[in-house]
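Engineer: To convert, note that position 27 of the sequence shown is 27 in our numbering; the numbers rise steadily by one, no gaps.
For the record, the hints were derived by calculation from the structure and aren't laboratory data. Just to be clear, a hint being listed does not mean it is correct.
[To be verified] Each pair of labels, with its calculated beta carbon distance range:
hint	residue 1	residue 2	range
1	378	127	46 to 56 Å
2	234	291	22 to 32 Å
3	21	327	33 to 43 Å
4	374	275	25 to 35 Å
5	172	222	45 to 55 Å
6	379	277	13 to 23 Å
7	422	282	25 to 35 Å
Glycine included, every Cβ here is placed at the ideal spot set by N, Cα and C.
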Amino acid sequence: MEYREFLDLIYRRYSANIKLSLDRIVELAAELGSPQNKLSGFHVGGTNGKGSVCATLEALCLAHGFSTGLNTSPHLINYKERFRIDGKEPEIQTLLDLFLQYQPLFDKYQASFFEISTALAFIQFAQKPVDVSIFEVGLGGRLDATNVFTPEVAAITTIGLDHIKTLGNSVKLIAAEKAGIIKSGISLVLGKIVPPALDVILQVAEQKKVPTYRYGVDIIGKSQASDIGGITFDFAFRDYQFKGLHANLLGDHQVTNISTALACFILYSQIKGFEVKEESVRHAIDHINWRGRMQVLSSKPPIILDGAHNMEGMKALVDTLDRVFPNVKPRFMISILADKDFSGMIELICSRASHVYVAKNQSDRAATVEDLVSEIGKYPVKVSSAPSVAEAYEMARRDMRDDDVLVCGGSLFTVGEVLNHLFEK
Numbered sequence: 001m002e003y004r005e006f007l008d009l010i011y012r013r014y015s016a017n018i019k020l021s022l023d024r025i026v027e028l029a030a031e032l033g034s035p036q037n038k039l040s041g042f043h044v045g046g047t048n049g050k051g052s053v054c055a056t057l058e059a060l061c062l063a064h065g066f067s068t069g070l071n072t073s074p075h076l077i078n079y080k081e082r083f084r085i086d087g088k089e090p091e092i093q094t095l096l097d098l099f100l101q102y103q104p105l106f107d108k109y110q111a112s113f114f115e116i117s118t119a120l121a122f123i124q125f126a127q128k129p130v131d132v133s134i135f136e137v138g139l140g141g142r143l144d145a146t147n148v149f150t151p152e153v154a155a156i157t158t159i160g161l162d163h164i165k166t167l168g169n170s171v172k173l174i175a176a177e178k179a180g181i182i183k184s185g186i187s188l189v190l191g192k193i194v195p196p197a198l199d200v201i202l203q204v205a206e207q208k209k210v211p212t213y214r215y216g217v218d219i220i221g222k223s224q225a226s227d228i229g230g231i232t233f234d235f236a237f238r239d240y241q242f243k244g245l246h247a248n249l250l251g252d253h254q255v256t257n258i259s260t261a262l263a264c265f266i267l268y269s270q271i272k273g274f275e276v277k278e279e280s281v282r283h284a285i286d287h288i289n290w291r292g293r294m295q296v297l298s299s300k301p302p303i304i305l306d307g308a309h310n311m312e313g314m315k316a317l318v319d320t321l322d323r324v325f326p327n328v329k330p331r332f333m334i335s336i337l338a339d340k341d342f343s344g345m346i347e348l349i350c351s352r353a354s355h356v357y358v359a360k361n362q363s364d365r366a367a368t369v370e371d372l373v374s375e376i377g378k379y380p381v382k383v384s385s386a387p388s389v390a391e392a393y394e395m396a397r398r399d400m401r402d403d404d405v406l407v408c409g410g411s412l413f414t415v416g417e418v419l420n421h422l423f424e425k
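Generate coordinates for the entire structure from the input sequences, incorporating the hints supplied.
Structural biologist: Given below as structure tokens:
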């Protein structure tokens, strides 16, 4: 089987098998020998920031000498991005061989695309075997395939309105789904979560007698500086205090994400009985590997790539731009999915932009260029359109002056297409 054939198969055939239940992944995992039960580590859910928390945990574990398995979603360019072992993606042939080996079981249980991806992560990490596994929730939490894994520490980053057709149209309903990853006796770390979502999560945590640690209460992260080179902040949790930590990620929201991850790691160290070393922490946090989230493609002139795709994420992006580029009205190149709150996101973008370039990314869910242009037309902002994300990017790039800033995003699909375009160049 060739790679393209594999992708076509799992996307078209198995994507139709979505079923909101854990029954199938439980049965599939059992027949695989329950590889997830051989793993130790972290389970991270939330609306925004969970990928950054996972990438930070990977960096911290590697810096302390542990072998790691990282499973995230979605991918930006290549399917193999969903799996990292010791910070490296597997060979395509490795994934093909594993899929073919277990395809009869995937077919037997009519497994979905995400269930297959999760099972492949379980198998790879158990076969290695890795010291620490890090799983990012795909959607929600309660019925997510990753939820058959029992971690030492769980985290919920933020709660916001996203995927409302599946998770519910209120923060309370969404919080209840996210809280589904809480397991009896397993330590829980919470990012910046406010009522009423916080009330829902704390109620579940109390019912399950879970030790709970909250950012802003038990965990303190205090931003000291933020520029295009990254962020500098102070951190405190339990007996640990680190002053002047520097991260290579942009945005004060990343102070929260990194602090959440660092608290998770400290709890894990106390469960496993190893020392958290300040020198290793500093090195790890300054070398986090996470593409497409306030990623600096160029510093002169600044070109920023960000996957913000909901109101909470877009507000974090705009707030970061206000702080890092206070006197500049950036150009934006965007393509947004139609099932997101693109009207609200465009309002935020147009409050900051000098010129917006729009295209339709390759997702079947992408909003049309006409709809985006019509929405932007409500605001006093220049707008241009192009037939593709790559062409919109090049148009915006050509228009840039030396004192300009270009921000590309609106969707992780858009981010992936920009990265793919630059890779092919």
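Engineer: Decide, hint by hint, whether the structure agrees.
Structural biologist: Structure-based check of all given hints:
1. 378 <-> 127: 46 to 56 Å: Holds - the Cβ-Cβ distance for residue 378 and residue 127, about 54 Å, lies within 46 to 56 Å.
2. 234 <-> 291: 22 to 32 Å: holds, 27 Å
3. 21 <-> 327: 33 to 43 Å: violated, 52 Å
4. 374 <-> 275: 25 to 35 Å: violated, 58 Å
5. 172 <-> 222: 45 to 55 Å: This hint is violated: roughly 30 Å between Cβ atoms.
6. 379 <-> 277: 13 to 23 Å: violated, 50 Å
7. 422 <-> 282: 25 to 35 Å: holds, 30 Å
Of the numbered hints stated above, those contradicted by the structure are hints 3, 4, 5, 6, listed in ascending order.
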